[in-house]
Amino acid sequence: MRCLAGSISLLALAIAGSAHAQEAAPGGEGDAIVVTGQRAQQQRSIEEKRMALGIVDVAAADEIGQLPDKNVAEVVERLPGVGVQYDQGEGRYVAVRGVPSSLNGYTLNGFEIGNPDGNTRALPLDILSGQLLNRVEVAKVKTADLTGQGIGATINLVTQTAFDFDRPFIFQANGQVGYQELRKDDRPVRGDATVGARFGADEQFGILLGASYSDRTYTSYGLYPDDWAPDADAARGAVPTNIKYTDYRLRRERIGAAGSLDWRGGATQLYVRGVYSKFTEDEYRQRFRLDFSDIDWDANGLTGIASTSEQRSDLRTEYKEKSILSFMAGGSTQFADRWTLDFGAAHTRNEVIEPNELWQFRGNPGNVAVDFTDKLYTAVPVEGYLDPSAMGFRQYSAQDEYGLEKTWQARVDLTGKLPALSDGSFVKIGANGRWTDKDFNSSNAVYGRGSSANRFSMAGLSGDDVVVKLGDGRSYLLTPAISEDLIKAYTDGKLGGAQFVLNEATTLANDTLGDFSLSEDVLAGYAMANLDFGSIAVTAGLRVEHTRLGITGYLLEDEVVTPTDGRRSYTDWLPSLVVRITPSDNTVLRVAYSRSVGRPQYSDLSPGGELSSDGEGELNVSTGNPALKPYVADAVDMTGEWYFAPGGLLSVGAFAKFIRNPIFTQSYTITDGSFGGVGYDRINFSQTLNADRGDIVGIEAAYQQQFTFLPGLLSGLGVNLNLTLIDASLRMPGRGSIAFPEQSKLLWGAQLFYQKGPVEASIAYHHTGRALIAPADDALNDQYNDDLRRLDAKIGLDLTKNVRLFAEGQNLTDEPTRQYQGGVRNWVTQNERYGRTFYVGGSVRF
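Reading the sequence shown from the start, the letters are residues 1 to 846 in my numbering.
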């Protein structure tokens, strides 16, 4: 509440300051101040928002690519109503206005991107560097010419072209090297370069090429307890079944490239564009685990002795590669004075490759002493940790996942001006098609220990002990650790032998249940009109999308694999209406209604699954469901925007979304039914089904101002604030009303920036409130993300007109990511620490 009160107070002060600015602002265009750098990009973002037909927020590219963000997810996090889920200290998935990331739409220059991330529609935006983009548009209320997918928002990534710059030739390059608190010996590096030119007699040709690269090898430490259960004698009211802590060592590399070739001649424009991005991750994970139960508590309920324990040492090595390759071509032409024809086609290829290996050793250390005094509790074997010779081999697994998605798209739009009504009035009709083929194959061979005569221990296979440092003086000893080189050498050539025995049933299930092959075709058409009556403008439209789905999965029954198909087609009618009222040149009021869809996750659609029998006449069925309906949301929005000065904005808005057909995995029983043409007395189903509905309501406020009215050096100061409050509920069968997944009730951010002469600096804070990750069968097992706070800063100094030096710091408060169970924040299920990261670098621009 103190944070909320502080945010409201800052907004109140901002309103007062903006009123002062309005009174002091020069009155004519001749008094306009030409600005560059951070202020220029903020003014561009504001102007894009002001001119949009719907409700749109924009993050414009920094003038020389110096955003203190590692990827696109962290760029859009600074916009109102945007929350980001972090993975290993980097932003990955974006939720907008409390709507899960899988229900957003993602486009690249207006064409759908698709997804390289296996079986989900939640695009991992950490795959893309922000340095090759002109801007990122987050359309929260869409008009009929935008794709129907996107209940939270449509996130459109717009690449640069040679015509985006104010000079015919451009070269800019940026390089950085970093220092990491938890991995001092490895220096992260980042760099990007862009070169382009306009040429021809009238500069009618434009070419632009860009490339980006980042390489970061780093360490994170984590604590991951499982399965908190009520315990009346425990001071916390519950205890977990174990303690796990982990040493992660990762190398993340991003390679990106983009190109654009444009021609503009008279009334016609043509373009060819391409984007390539590859994200690779090499991960080494050493984990220690103690299982315990039956705690004999001391009188305080915080300390005690647990029995029935098991000690485990695990080592996992994993390689992950995700790539996006997209080509598009198109253009526009004007004819008959008032008509414009836009056209384009695109092809995208997305791929994921993810092999990994896991070794596990176990032993029994006896009783365990537990201490729950601190939120990050401790558990230690009373008689000490087991040595390698007491840790017997238990399991080895080799997983290999591969996914490939190919998409073709085409679109055409015809816009006609209505000069008889007003200069800003027009009608627009169009059509587009998307044809997607997606295959996902997952395998995981599992090997167990052999007979007693063929078993082996970790003796001779161990490495150095590891100290897991979780901050605030809390450290955990990870011992014995497994040597990667020694265990790989020992395993080589022994799989399937006496010491590594293949578990055929588990391996077959792992090779079967996650696989699918899908085709999804979407044909769409729309008509819309913008009628501008001066101070009032109305944009009304209707979009219709017809989806054809075909998907093949695999049923597993008694070690027999049977392909199974599912098909479905459906049509969505998506109306939209936006009324814009401009009582003055600096004020815009918008009232909007729109309908959008969110298609089910690919894994939920697969008809594959597992069949088993508990006895004669009874069948257990666990499958996906190709007959799932898409989420459908009706949204109402109202905003007021005051553009009180160049680079100045105060906006307040309210929104409501009424969502039908939410999807959950549900269990139910049918008596005297049939499955596969065979009758059964009882069929127990576990299947993805549509539930009733969910509602999301909220308010957003944003304030931005450059304090040019202040004297002297103070005139370089500026501030950017945003606040979002959300209340949401979802009605789930068997649970009643619950929170909406990934929905944070409170989002707010504050940025203080400075630009004066050769100095440009900013310090930014962002708070993403706690949120339900995914609902379980009961509230006790629900998993939540805790509050996440980020503090980042940067400063730049222009040595010359073309050369700049800069420094930046990320996660300056050493904030961990934390998850908890059952709605109780000290029932911790994850606490990951990443440490602080600092960069220094330079850039040139000509």
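No lab work stands behind these hints, which were simulated from the structure alone. It is possible that part of the hints are untrue.
[To be verified] Restricting the straight-line Cα-Cα distance to at most 20 Å, the calculated cross-link-like pairs of lysine-lysine (PhoX-like) are: (1) Lys469 / Lys278; (2) Lys469 / Lys184; (3) Lys417 / Lys406; (4) Lys278 / Lys320; (5) Lys494 / Lys244; (6) Lys801 / Lys745; (7) Lys375 / Lys469; (8) Lys406 / Lys244; (9) Lys184 / Lys320.
[Unchecked claim] Pairwise CB distance ranges, derived in the manner of DEER restraints: (10) Ser674 / Asp233: 26 to 32 Å; (11) Ala229 / Leu486: 36 to 42 Å; (12) Asp282 / Asn503: 24 to 30 Å; (13) Pro711 / Asp87: 42 to 48 Å; (14) Phe205 / Gly525: 32 to 38 Å; (15) Leu812 / Leu502: 20 to 26 Å; (16) Ala776 / Ile699: 29 to 35 Å; (17) Gly550 / Ala776: 39 to 45 Å; (18) Asp185 / Pro563: 47 to 53 Å; (19) Asn620 / Leu812: 27 to 33 Å; (20) Gln334 / Phe205: 18 to 24 Å.
Because the structure is a prediction, the values reported are computed rather than measured. Note that beta-carbon positions come from the ideal geometry of N, C-alpha and C, so glycine has one too.
Point to revise | Numbers of unmet hints, in rising order | key: 1, 3, 5, 6, 8, 9, 10, 15, 17, 19
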